[in-house]
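Number of protein chains: 4
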Amino acid sequence: MRVIADICITPMGVGASVSDYVTEAHAILKDAGLNATLHAYGTNVEGEFDAVMSALKRCHERLHELGAPRLSTSIRLGTRIDKPQTMNDKVNVVRDKLAHRA
Amino acid sequence: MRVIADICITPMGVGASVSDYVTEAHAILKDAGLNATLHAYGTNVEGEFDAVMSALKRCHERLHELGAPRLSTSIRLGTRIDKPQTMNDKVNVVRDKLAHRA
Amino acid sequence: MRVIADICITPMGVGASVSDYVTEAHAILKDAGLNATLHAYGTNVEGEFDAVMSALKRCHERLHELGAPRLSTSIRLGTRIDKPQTMNDKVNVVRDKLAHRA
Amino acid sequence: MRVIADICITPMGVGASVSDYVTEAHAILKDAGLNATLHAYGTNVEGEFDAVMSALKRCHERLHELGAPRLSTSIRLGTRIDKPQTMNDKVNVVRDKLAHRA
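Chains as they are written, first to last, in the numbering used here: chain H, 1 to 102; chain C, 1001 to 1102; chain A, 2001 to 2102; chain F, 3001 to 3102.
Think of the hints as simulated: they come from the structure by calculation, not from any bench.
Note that beta-carbon positions come from the ideal geometry of N, C-alpha and C, so glycine has one too.
A few of these clues could be false.
Pairwise CB distance ranges (calculated) [to be verified]:
hint : chain 1 : residue 1 : chain 2 : residue 2 : range
1    : C       : N1092     : A       : A2099     : 41 to 49 Å
2    : C       : R1058     : F       : D3031     : 17 to 25 Å
3    : A       : S2019     : C       : G1067     : 22 to 30 Å
4    : C       : L1098     : A       : T2086     : 17 to 25 Å
5    : C       : N1088     : H       : N35       : 33 to 41 Å
6    : A       : L2066     : C       : D1050     : 47 to 55 Å
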């Protein structure tokens, strides 16, 4: 089962600045071979359900190892069976429609 | 890795009323042996990371089988290593503090 | 515009235990006259869009006053125009269907 | 109160393909003068709390007008008082740290 997901991991109990943790998580998602794209409030990934969740688990394990006593993660997870669709497809169709309105 | 999660699966392309799908998903989470508690905008579950994600995958597979062409799921996922904590613990500590304010 | 929402406010930079903040936020939502129901990963509320958002803003302001340098909040927000629906309606229809499966 | 938010509006009951609705919502956020950046599972925005929520309300109103009987929106909302921070700041600090790991 192929998924497009959006993952935002929030480390708690480690101060207000968490970019070291966010960087580590992003690197883990990328190293897992997922197509991972950073944005200002999370990371888009696409891949097989099991691969995405396995990488997410590794993120939690690793961020705890790095000192975060608690993590709260927000995930959006999309699947569809009516047609294949990539992250690029999703962005491009909206960009095209925005361009035609201008 | 033990997790507390909150799962809200949104079926798309099947009409505005989706309680048949929500019911099916809730039953799958419960049948997976997870402690699953329904609320007005999702279901709380607790269990091992792999068990939760395996049940979630089954939800997506089953809801597609039942006719939903597309699903968009919102998940909150919490882990902590500073102390053990159940869903009941989380609710009870806040309820106690609210009672002491009254 | 009437909404059903689910709000989970995550204080960052204040330690791993945040129940004092969660309690305060829940009390603010309740004091705003919203029907607020606590669960293990957030609070369900229903009311007018403006009333819900005004209360949410007050939560952020107050939790910052109480010492949280940073807050990351996850919200689900539902509106529908095909029929009126309360939080109780949403839970009851699924509970009824679960009961009929048993 | 300045916020960075991430908004993903899911139209229900209108078919599996919803890019017309997503395009309209994105245009409303942009037209509201918010710095709005599209990604594959939502839109980043930054601005004053009231301006962001007012634009979000307009999105719901407009998408209902366009025919969506039901909408379920997922929002992440961040505020911090320890230092000013833009969406660009958030992305750039992580990109810089990723570059230094390479």
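Against the structure, the hints:
1. C/N1092 x A/A2099: 41 to 49 Å: 27 Å, violated
2. C/R1058 x F/D3031: 17 to 25 Å: 42 Å, violated
3. A/S2019 x C/G1067: 22 to 30 Å: 42 Å, violated
4. C/L1098 x A/T2086: 17 to 25 Å: 22 Å, holds
5. C/N1088 x H/N35: 33 to 41 Å: 39 Å, holds
6. A/L2066 x C/D1050: 47 to 55 Å: Violated - the Cβ-Cβ distance for A/L2066 and C/D1050, about 37 Å, lies outside 47 to 55 Å.
In this structure, the hints that do not hold are numbers 1, 2, 3, 6, in rising order.
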